[in-house]
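Enquirer: Residue numbers (the working numbering), protein chains in the order written: chain P, 30 to 474; chain R, 30 to 474.
Hints are all accurate, no fakes.
The list treats identical chains as one, so a pair stands whether inside a single copy or across any two.
Simulated crosslink set (BS3-like; lysine-lysine; CA at most 30 Å straight-line): (1) LYS93 x LYS220; (2) LYS93 x LYS40; (3) LYS204 x LYS231; (4) LYS344 x LYS40; (5) LYS413 x LYS344; (6) LYS344 x LYS93; (7) LYS344 x LYS416.
Read the hints as simulated data drawn from the structure, not as lab findings.
Next come the chains, spelled out residue by residue.
2 protein chains.
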Amino acid sequence: MPERIQPRTLKGFRDYLPSAMIPREWLIDTARRVYRSYGFSPIDTPALEYLEILTGKGSDETDKQLYRFADHGGRDVGLRFDLTVPLARFAAQHIQELGTPFKRYHIANVWRGENTQRGRYREFMQCDFDTIGTESNSADIEMALVVHDLFNAIGIERFTIHVNNRRVLNGLLEKLGLVEQSTSVLRALDKLAKAGAEVVAKELSTTAGASEDQVRDILKLAALEGDNNQILAQLESLLSGSETGERGLAELTEMSNALSAVGVDSKRFCIDVGIARGLDYYTGTVLETFLDDLPAIGSVCSGGRYDNLAEVYTKQHLPGVGASLGLDRLLSALEELGTLEGNSTPAPVFLPFFDADRRNDYLRLADQVRRAGIGVEFFPEPKKLGKQLQYADRRGFRVALVMGVDEFASGQCQVKDLASGGSKTVSTASDAALVVAEIQQILSQ
Amino acid sequence: MPERIQPRTLKGFRDYLPSAMIPREWLIDTARRVYRSYGFSPIDTPALEYLEILTGKGSDETDKQLYRFADHGGRDVGLRFDLTVPLARFAAQHIQELGTPFKRYHIANVWRGENTQRGRYREFMQCDFDTIGTESNSADIEMALVVHDLFNAIGIERFTIHVNNRRVLNGLLEKLGLVEQSTSVLRALDKLAKAGAEVVAKELSTTAGASEDQVRDILKLAALEGDNNQILAQLESLLSGSETGERGLAELTEMSNALSAVGVDSKRFCIDVGIARGLDYYTGTVLETFLDDLPAIGSVCSGGRYDNLAEVYTKQHLPGVGASLGLDRLLSALEELGTLEGNSTPAPVFLPFFDADRRNDYLRLADQVRRAGIGVEFFPEPKKLGKQLQYADRRGFRVALVMGVDEFASGQCQVKDLASGGSKTVSTASDAALVVAEIQQILSQ
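Using the sequences provided together with the hints, build the complete structure.
Expert: Put into structure tokens, the structure is as follows:
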């Protein structure tokens, strides 16, 4: 017996116990079901990639956070830090075989050696979907519809999808002759909500060299208010004459009309010229999703359109559009909103083991209930009732099936509703059909 | 534009394209559904662990294959090489909170720097379920029932679960006074199938120092034949007088009776004293599962009972029993057996985009079909029909909804069965109820 080793996880990493994992699996399943319903296919890529693949497109920040090492063959390798770089590499490698449009989802862990003091974890799951190889605005509209269906499927009623188009600001800058300064302008505008118009105006004039008139037009754009149709009307006059701007406006208008046509509640969707998405590579539609009851947690699902996914790896032009669900943030939010069910058991029915001589009868009953598609957990030991019920309590079952000496003698079973405390005694004959019916009755409440 | 980087995966790693990933997700889902139906809960643990955790219990071989490195904080870390060591660490850390019996499943990737010449991958998925904290044979029986239900759920009809109990051989060795030599005996017996009885007899006498009589009894045990009841009867005489042996026999008998009582076909289950499972830590039940039509690929689901899962990390005694589904091996087998459906699309219905002015009408139709729970992929561009059908062909859709100028004019839609080539024109009125009904009709065939 060697000396004992202290059981612990690394800083920034965590175990998922069943109580955390069950809602997590449910959320992942829900996302997959919605992605699939639009024809997105699953893919997976290796956790480890050649280091040069990972550092090819990332920023300095992600490069610094990369888990990297030399493998057994002396190759420089790293753990993926997102699912976008692997998608770019994957698309460059396989797009000839797959054809376009290529619609994929990818739900997998990524790793970043981040500063854990900011409450960040070093291993977390990303949940992305993208359409590659088409410039059609249909794919952008579909992205918004997927997000809409996703939040409905999760059971969140009060959410708002904010949509903007990078071409709107670019069009204005084109009109103003400030295209070269667009990065400085974006950077300044990002501070609008926090620092206010005055600070932004000053920064626009110093770092982007904008004139007073130019500053006024930029701030006017960023401050547009009203319903979607009002904003679109105001954009029309601000952008008229700029080809880029008019294209952005047309795309936003199409998106707005399409969502209305499909019946998306106008409260769930707004055109918001204020959102920019920090990432440089977005070129058209950008999208963020906020929970109306928890706006402070920020966007829980974000994405947009990009021009050229895989230029680092291939000469083939691969435009795309897609979004990423913020799984962990959303799970915390659901917990805070009380939307998650408290269950920590994957099977709703508990079958205590009372009569030590009747194990095979218990097993047969459990089997009959499972055949009706209902999960049953059979306690493995004929322990005292108190012990078994204590176990059941902690697990949060919905139904218990009580079978003791009396029940076996009379060919019956007590079906207990653990929420109401009610109980009904039914016959176990005919493959336990009455037991199953009674359980179904309780579960449907 | 930096120099282009060659897109490629590391040796021993692979991308999963949709055609590989769709059956993979289906198999994982099926395993999860079966595990859950017995009350097993999901957990997850970090991919990275402290190196001392991983090297605490592994063998020299796994130590050598470990992906290890120093992280940003200079800690020695490694990628998990299985899910058993993380389970042991997890149980030692959380069992007080979780209580026993603790039933968990864990489906996740592991990494081993193996020699790829043997056709092995360096990243692969494990799919384990275990019951921790009970010595009851109920948990062993349940393991066999889970495996049985799992293969039924996968749609494999011809499989056989082979069960043995380590106590059977240990009991015989106890009777023969060869307990100290059990490792040598196991090692010799492992060669029986390949090398034959003569070679094994010689090895037993040289390495384990067994007498001629002892060799004869050991080989007699290993060569037992007949149906389950015949084997149990023969074991009774071979083991009588050994407490260990009699316990092993009783456990095997209980398992055999329980499986019969639940209605498991006797063809699906056999007592096989020849299986040993190489791993030292099994102490009671051992189980392997073979496909009757592909016996040569070896066991596709294996497991057993162990005495003390987490002794390296805690003084708490944690016996357990569990098994692991060989996901990749089983997927290859299903492909070979032709059991997998050829579909490479996650949504069964294809909606081509013909009339460029009607995008919103297409989107509305797709939405109506999705609300009936049927996935629809809408082509993003109003390309030529041939291009769109070529795309659809490659994806393997079951149904196409054809809506052109004529159909829009008459408020109708052609529902095409892509397998039979048949087609029916139905009204799109009333939320496309007739379209949905026609699709359901085709999908149910």
